[in-house]
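Position chain B relative to chain A; hints supplied.
Chains as they are written, first to last, in the numbering used here: chain A, 112 to 416; chain B, 9 to 285.
Bear in mind the hints are in silico, worked out from the structure with no lab data behind them.
None of the values given here were measured: they were computed from a predicted structure.
Among the clues, some could well be false.
[As the list claims (entries may be wrong)] BS3-like, lysine-lysine: derived pairs with alpha carbons at most 25 Å apart:
#1 Lys-178(A) with Lys-168(A)
#2 Lys-310(A) with Lys-272(B)
#3 Lys-178(A) with Lys-194(A)
#4 Lys-18(B) with Lys-310(A)
#5 Lys-310(A) with Lys-323(A)
#6 Lys-18(B) with Lys-323(A)
Below, each chain spelled out in residue letters.
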Amino acid sequence: MHTLNEPAAQVPGRTALARRVLPYALLSPAVLVTLAIVFFPMIQAAWMSLHDYILWKPKDFTFVGLKNFAAALQDEVFWISLKHTVIWIALTIPAQLLLGLATALLLNQQFPWRPLARALIIIPWALPSVVIALMWVWIYDANYGILNEFLLRLDLIRSSVPWLADPDTALYAIILTLTWQGFPFFAVMILAGLQSIPKSYYEAASLDGAGKLRQFWHITLPGISGVLVTAVLLRTIWVANSIDVIFVMTGGGPGYSTYTLPLYAFIKARTNLDFGYGSSLAVLFTLMLLGLVIVYLRRAGRTVN
Amino acid sequence: MMVGRKSLTKRLLTVDLPMLAILAFTLGPYLWMLLTSLTSEKLLFTEGPSFAGATVENYIRLFSTVGFLTNLVHSFIIASGTVLVGLSLSVTAAYSFSRFSFRGKRYLLLQFLVINMFPVVLLILPLFVMMRVLGILDTHLALIIANATVAIPFSVWMMTSYMNGIPRSLDEAAMTDGCSRLGALWRVVLPLCTPGIIATGIYIFITAWNEYLYALTLGGQNVRPITVAIQTLIGEYEVEWGLLTSGGIVGAMPATILFLIVQKRLISGLTQGAVKG
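If we strip away everything but chain A, and leave its shape as in the complex, we get (with noise of 0.2 Å):
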């Protein structure tokens, strides 16, 4: 640092005002971009929800104030899909969290293909989640998919169910496919708060005649609890927010059975192309998630400092 401050010192004006300027004119071109292509259209999203603007009838764009929230919160769908948003976030995160949380712990012990298992168990993170989608409604397929001859040849079923064209079953079948896709993040996030556990804490436990259960207990979940933490939020923000796996799958149907908030406004603006509705459904689900976005913000912010 010495080396640095001295020329300054030497040398003030200028160089010193370059200096300072230098950070913000490295950093311009990436602020004034997302400034362009994020933060302007996320206020022209505002903006539309306090109009009525469907896009068919482009000359119409008047201002109705807070109406489309209001009708929001008048309708039944909406209701309908909050509900199915808070279900599919309660039991996709517990879900991906437990089955990462056993996968961590396994790939932490030595094992000769630990390796390879590594490397295969994060497959479904890099597929598309189109080819995802495409892969469950196969395997979900009522005459030919797998799981039907599954479960009948094991005599759990009697006779074929079709997973999703049954309203009772659509949505937990997608949470099914959600929670396939989205373990392997925990698995690999735990796996690194597991190794950066010191050794000597467990050898010091076991001398003092602490069994697998006290350690795990006592060292590995206060060990991971900040990994944890940060994992969970970060997953529920990103597993609350999508949209293409059941759009795919289901297109929120049968009925309304799989609409959740996000993918009832893009439904709305997509195939309505009421787009004045359709964004303030999409601010106030933005509303909704503020609350965590912010938690997970703190948490971050310390880490920056």
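Frame of chain A; chain B shown alone:
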């Protein structure tokens, strides 16, 4: 000797077998799709997928009748374009974040994080309107811009963390030898973080390659990347699962292979921040 064997059995039961079960769950669906894609359409609905009559007939049809090659080219142009935009804008920003302390740094850095937390639907509608006004809907440029909304912030974070790993003393040494700031960035820091740049670039490529909602909404007619093309196969060829699954395998191949190549470096970069936090 006895102890060794006993612990081997124990290890098999408590580690290897559960791990195999989880791997079966992880890879099963993918292998099932692969197997389906290798079964001819006729056999598929009479005897089900099997390796016995493995054929590449579905793949040939995919390229000869559906024009999948064009879709692959579209995806390639969009993903490469996104990598170029993402990396070129973020390298200087990351250098600034990693080497200087200045007013507002924390907020500027956090705003790049915030962007990724917001729902795609919030951005997709205004981007659609904006691009319609600019007349660039359904072009490669439109999808590159849309993907850049994700790529730039991600890239800034990744590159900052890589650059933090390069000792400051190296650029200081270069500057005492007469390099300017930017000279030090160009000659010392950039070459040292080439592996990081490659890993970040590959991850952007994978994300852009896999992206679907933007592609569907802002493209889809003239510019139809593979994700959209695969999805349209569902409608056009209702029950042709052989064709669909082979499309899935081809579409997933580049991203999967790239991911397996860089997974080690990528994961250490991705988890670094999380473990500290």
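Results for each hint:
About 18 Å separates the Cα atoms of Lys-178(A) and Lys-168(A), which keeps this hinted pair within 25 Å; it holds. Using a Cα cut-off of 25 Å, the hinted pair Lys-310(A) and Lys-272(B) holds, with the two alpha carbons roughly 22 Å apart. For the suggested pair Lys-178(A) and Lys-194(A), the alpha carbons sit about 22 Å apart, so the restraint of at most 25 Å is met. A hinted pair counts as satisfied when its Cα atoms are at most 25 Å apart, and Lys-18(B) with Lys-310(A) qualifies at roughly 21 Å.
Taking the CA atoms of Lys-310(A) and Lys-323(A), the gap is about 14 Å. The hint holds against a cut of 25 Å. Restraint check for Lys-18(B) and Lys-323(A): satisfied, since their Cα atoms lie roughly 15 Å apart, inside the 25 Å limit.
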